[in-house]
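Sequence order for the protein chains is Y and S.
Just so we're aligned, residue 0 is where the first sequence starts under numbering that gives the first Met the number 0, counting upward by one.
Just so we're aligned, residue 0 is where the second sequence starts under numbering that gives the first Met the number 0, counting upward by one.
Hints are computed from structural coordinates only; laboratory data are not their basis.
Check each hint, because a few of them may be wrong.
[Unchecked claim] Within a straight-line C-alpha distance of at most 27 Å, the following computed DSSO-like cross-link-like pairs (lysine-lysine) qualify:
1) S:K74 - S:K235
2) S:K246 - S:K259
3) S:K211 - S:K228
4) Y:K110 - S:K298
5) S:K186 - S:K415
6) S:K454 - Y:K254
7) Y:K224 - Y:K49
8) S:K228 - S:K243
9) S:K186 - Y:K35
10) S:K211 - S:K186
11) S:K16 - S:K298
12) S:K415 - Y:K110
[To be verified] Examples of chain Y residues toward chain S, derived with CB under 10 Å:
13) Y66
14) G67
15) N69
16) I78
17) T79
18) E80
19) I81
20) K107
21) G112
22) D119
23) M121
24) M122
[Stated by the list, open to error] From the structure, some residues in chain S lie toward chain Y, with a derived Cβ separation under 7 Å:
25) S230
26) T440
27) E443
28) E447
29) E451
Each residue gets a CB set at the ideal place from its N, CA and C atoms; glycine is no exception.
This is what each chain is made of:
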Amino acid sequence: MIGVGIDAGSRAIKIVLMDTMTHEVITSGTVGQGVKSNDLAMELFEQLLKDSSHNSEDVQKIVATGYGRNTISIADATITEITCHARGVHHVVPEARTVVEIGGQDSKLLKLGPGGSVQDFMMNDRCAAGTGRFLEVVADRLSVGLAELGELASRSVTPAAISSMCIVFAETEIIGLLASGTPPEDIVAGVQNSIATRITSMAGKSVIPPVVFTGGVALVPGMDKALERVLGHRVETAPNPQMTGALGAALLACKPKR
Amino acid sequence: MSGITLSDWDRHYIELKEAGLKEPWYGGPLRRHVEDGDLRLLKLRYDDSAAALRLWNFLLTEEDRLREARSNGKKLVGVMKDLGTVPVMAYSLPNVVAFYPDGAWWTPCIMEMSEGLFGLAASYGLDESFCPVRAMLGAFVTEAHFPIPDMLTCSVGATCDDFSSIAQRVEGLGYPINWWEMPARRKPGPNEKVIRLPGGFYATVDQVAFVKSELERVKTALEELSGYKLSDDMLKDGIRAANKARKTLSELRLAVFTAKSSPIPALEMQIAEMFAIHFCSDREETAAVLQDMLAEAQKRISSGIGILPEDSVRIFWVNPVADLRAMNVLEDCGGRICGADYLFAHALDEIPEDLHPMEALARMALADPMVGSSHDRAERIMRDIEAFGSEAVLISKIPGASHCATEGAVIGRAVKAELNLPVVEIEVPPLTDSMQPTIMTRIEALIETAREWRK
Chain Y
0 MIGVGIDAGS RAIKIVLMDT MTHEVITSGT VGQGVKSNDL AMELFEQLLK DSSHNSEDVQ
60 KIVATGYGRN TISIADATIT EITCHARGVH HVVPEARTVV EIGGQDSKLL KLGPGGSVQD
120 FMMNDRCAAG TGRFLEVVAD RLSVGLAELG ELASRSVTPA AISSMCIVFA ETEIIGLLAS
180 GTPPEDIVAG VQNSIATRIT SMAGKSVIPP VVFTGGVALV PGMDKALERV LGHRVETAPN
240 PQMTGALGAA LLACKPKR
Chain S
0 MSGITLSDWD RHYIELKEAG LKEPWYGGPL RRHVEDGDLR LLKLRYDDSA AALRLWNFLL
60 TEEDRLREAR SNGKKLVGVM KDLGTVPVMA YSLPNVVAFY PDGAWWTPCI MEMSEGLFGL
120 AASYGLDESF CPVRAMLGAF VTEAHFPIPD MLTCSVGATC DDFSSIAQRV EGLGYPINWW
180 EMPARRKPGP NEKVIRLPGG FYATVDQVAF VKSELERVKT ALEELSGYKL SDDMLKDGIR
240 AANKARKTLS ELRLAVFTAK SSPIPALEMQ IAEMFAIHFC SDREETAAVL QDMLAEAQKR
300 ISSGIGILPE DSVRIFWVNP VADLRAMNVL EDCGGRICGA DYLFAHALDE IPEDLHPMEA
360 LARMALADPM VGSSHDRAER IMRDIEAFGS EAVLISKIPG ASHCATEGAV IGRAVKAELN
420 LPVVEIEVPP LTDSMQPTIM TRIEALIETA REWRK
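Please build the complete structure, drawing on both the sequences and the hints.
What follows is the structure, given as structure tokens:
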């Protein structure tokens, strides 16, 4: 049988199909988020079933998570991304005690117990500073792709100080920095530090290692290093970090039905 | 989803009437309040009992009651900010009705902003950087949501910065206010004599004496307005009557919060608790309404009837919500109300009847959670959490309210450190529609975490 996890995030829909017995990932896929979230998820789900030579009768349960979880009509259950990311990270890095998840629209910090249960969580879902959206704005302003940001930041010698914690005002700062001749690589590195600092302010002083970084922004090179600098701990990027929420949802879908 | 919709109530009301429902003069179908502009009622879900119907009708007819009281020659006193003290004095006089103009903070929610009170407040200099209670200023300007009182009192000092600013603006519009000062309750020094207050707090003898002298000034003003001398015996009777309502509310809270399965929804419980501070312009009727709610809760408990699944997570709720819908959302997410501190915990305690009445009122006023430190408030909250067996704590912040800015973090840290319970903070604006997904995510995550901790 198959357990299915669907993570309907703000920027992308991620789906994981998992073997309920072995907990091995059968297949996974991603599609960009859109207006018709449910239709997009259905199309991707059906494609993944077909590609893996399965059909809907093989499905034990479907768990939806993420911002748009309540729009997924085929879901048997909805579980928040807090629980799903915790479960997903624990599966791939069992010793993880702190999870930093930065998505397109929000960021979270989870504290895990030794068995992977959520002990505490903090969220920033009210402000774009500290989220992937901040990086998108910067990439747009600098006319570079998101994927190039990391490489650009790695060339920075003197990261710019971005003092504003608000994305709108930070954009104004970036325009000012560009006008004053600050190299783009220093601006990008400064923005990465700014996002990392925002995460630290959520974490307080009680970050317990090992720290695992997940979510779509973990794919942006350099962000892990920026987090390491401000957290003061080594930060391990989860394998396939964009899929961690869907992976956790799939694991929860694999639980035997009561 | 638990509870019934307004449309369900339309049908249910007819059934109840056909079954012989007897209602007080303010009774009737809830739908009629929507026709008066209370649009938010269309989006709430309700308890289906006759007791809850009476509770809602009582709440939503306060303005009618005030206007009737005035037409019957009674004096109206707008008692601002003290949350439970001056109303006890006012209702001890035979011809005075007290009410809370502060209650207008819910008007933008109930009327879904159609009334424009925030816009008016902004035009008088109080924008969204102030607590939503700024709607009260707009209500004074329009004179459309409550009759302009014959006298205003306002507690100032350690109570609330936002409220003081708003009340000052009201006074600037030509509505004189009898201000009375509330000192910050503080730790007594080594040589200071202390007095134990209701709620387990302490204040110095000097502080209690000061508040008593301030309340004496208010008492004199009330006497001048009413034309009656407020004797100690009258005040003692007033305290006894207030305690009757408080005692009923206390029994209701204990019954509901400790029941195996929740017998009364969070929304109706919050409204019932609010009556403790202002009696909704009719002290005796408040006691009767609360008695009805208690009887309904007891009936359900003894019959084993719960409105929510038994495994619902027991949530302690901190601070009142600007949008009443948030209380429905708690239950949609798998939680149940199991204790609350809506910023007026002192108004739930019985006023000491074995003291001089003014001394008793002064002590009660000083037990206000808002005039002490956040740590004090956290201590009381934690005592209640333990008494009610709450499993998680939800702190709802009020946007713009200065007292909420840092207090939630202090309370949250204390609860985590001393009780080891999960805590989450949410922010509830007057209309949460667009923010509902993010609010639900936080509440659901809290509930999932609490369930995980059960294992």
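Quiz item: Which hint numbers doesn't this structure obey?
Solution: 4, 7, 9 and 25
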